[in-house]
Amino acid sequence: ETGVTQTPRHLVMGMTNKKSLKCEQHLGHNAMYWYKQSAKKPLELMFVYSLEERVENNSVPSRFSPECPNSSHLFLHLHTLQPEDSALYLCASSQDLSLWGYGYTFGSGTRLTVV
Amino acid sequence: ELKVEQNPLFLSMQEGKNYTIYCNYSTTSDRLYWYRQDPGKSLESLFVLLSNGAVKQEGRLMASLDTKARLSTLHITAAVHDLSATYFCAVDMRSNYQLIWGAGTKLIIKP
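Sequence lines, in order, name chains A and B.
Everything in the first sequence is counted per the working numbering, starting at 88 for the first residue and increasing by one.
Everything in the second sequence is counted per the working numbering, starting at 483 for the first residue and increasing by one.
Okay, chain A solo, but in the shape it has when bound:
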């Protein structure tokens, strides 16, 4: 399997639930990212990991908790979310943080609905 794979594709959760999103990349990339895409808003960078170390947390609420156990896997743990957190969550990877000439490779996303 190649590219960036995200699971699940769709997730409906209650505000009191705990769930996790998973991302896996088979590209040998060293950097991985979580993005949030909401309707009518630009993509929002949430977290950045380089070689399993978090290098950016863009003022994301603590109800979102990332985990990067190795350079191929990235998780986003969710708990006590709000309805406004409903969005498409995209995982991306890049060769490294410089993005030089390549940009990101995106996963297919997880469509999250909080009820």
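To be clear, the hints were calculated from the coordinates, so they are not data collected in a lab.
Be careful, since some hints might not be right.
Said to hold, decoys possible - Listing some non-contacts, in silico: residues in chain A with all C-beta distances to chain B over 12 Å:
no., residue
1, H97
2, M100
3, K105
4, G115
5, K127
6, L132
7, N145
8, R150
9, F162
10, H166
11, S181
12, Y189
13, V201
Unchecked claim - Pairs of lysine to any residue, SDA-like flavour, derived with a Cα cap of 25 Å:
no., chain 1, residue 1, chain 2, residue 2
14, A, K105, A, S125
15, A, K123, B, A585
16, B, K523, A, E140
Glycine included, C-beta positions come from ideal geometry on N, C-alpha and C.
Starting from the known structure of chain A, arrange chain B on it as the hints suggest.
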């Protein structure tokens, strides 16, 4: 703060017509990316523009970058229905690893 503005945000056009999507950004950068997103799908990389005057073409799409004007264009020639999608530009600040994204242009091409 870097801002990236795309226009138009929505475009409905007939097959066979030509049109241009504009991406303006507010501060110096010489790296810009164009992505395509189909409904409910992920973002697909279209073009990477790495210098002033860069021009890239793929099929009916052509992208260019003018770093002095802080402007990139995505030109569509003789549009076909399969090009219906949302197109995003993203500017690379180079000083960090973030891309700053435009809001996207939703393109609908009618037969």
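Structure-based check of each hint:
A beta-carbon of chain B comes within 12 Å of the beta-carbon of H97 of chain A; the shortest separation is about 10 Å. Non-interface call for M100 of chain A relative to chain B: holds, since the shortest CB-CB distance, roughly 19 Å, exceeds 12 Å. With a least CB separation of 25 Å from chain B, K105 of chain A remains clear of the 12 Å interface cut-off, as annotated. Distance check on G115 of chain A: its Cβ is at least 17 Å (rounded) from any Cβ of chain B, clearing the 12 Å threshold; non-interface status holds.
K127 of chain A, annotated as away from the interface, has a beta carbon of chain B within 12 Å; the closest lies near 7 Å. Separation of L132 of chain A from chain B is inadequate, the least Cβ-Cβ distance of about 6 Å not exceeding the 12 Å criterion. Separation of N145 of chain A from chain B is inadequate, the least Cβ-Cβ distance of about 8 Å not exceeding the 12 Å criterion. Even its closest Cβ contact with chain B, about 22 Å, leaves R150 of chain A beyond 12 Å, as expected for a residue assigned away from the interface.
For F162 of chain A, the condition that its CB be more than 12 Å from all CB atoms of chain B holds, with the nearest at approximately 18 Å. Residue-level check passed: H166 of chain A sits 25 Å from the nearest beta carbon of chain B, beyond 12 Å. Not every CB of chain B is more than 12 Å from the CB of S181 of chain A (nearest about 8 Å), against its label as outside the interface. For Y189 of chain A, the condition that its CB be more than 12 Å from all CB atoms of chain B is violated, with the nearest at approximately 7 Å.
At roughly 18 Å from the closest C-beta of chain B, the C-beta of V201 of chain A stays outside 12 Å, upholding its exclusion from the interface. Pair hint K105 of chain A plus S125 of chain A holds up; C-alpha atoms about 21 Å apart against a cutoff of 25 Å. Taken as a hint, the K123 of chain A and A585 of chain B pair is honoured in the structure, with Cα atoms around 13 Å apart against an allowance of 25 Å. Between K523 of chain B and E140 of chain A, the direct Cα distance comes to roughly 28 Å. Violation of the 25 Å bound is thereby established for this hinted pair.
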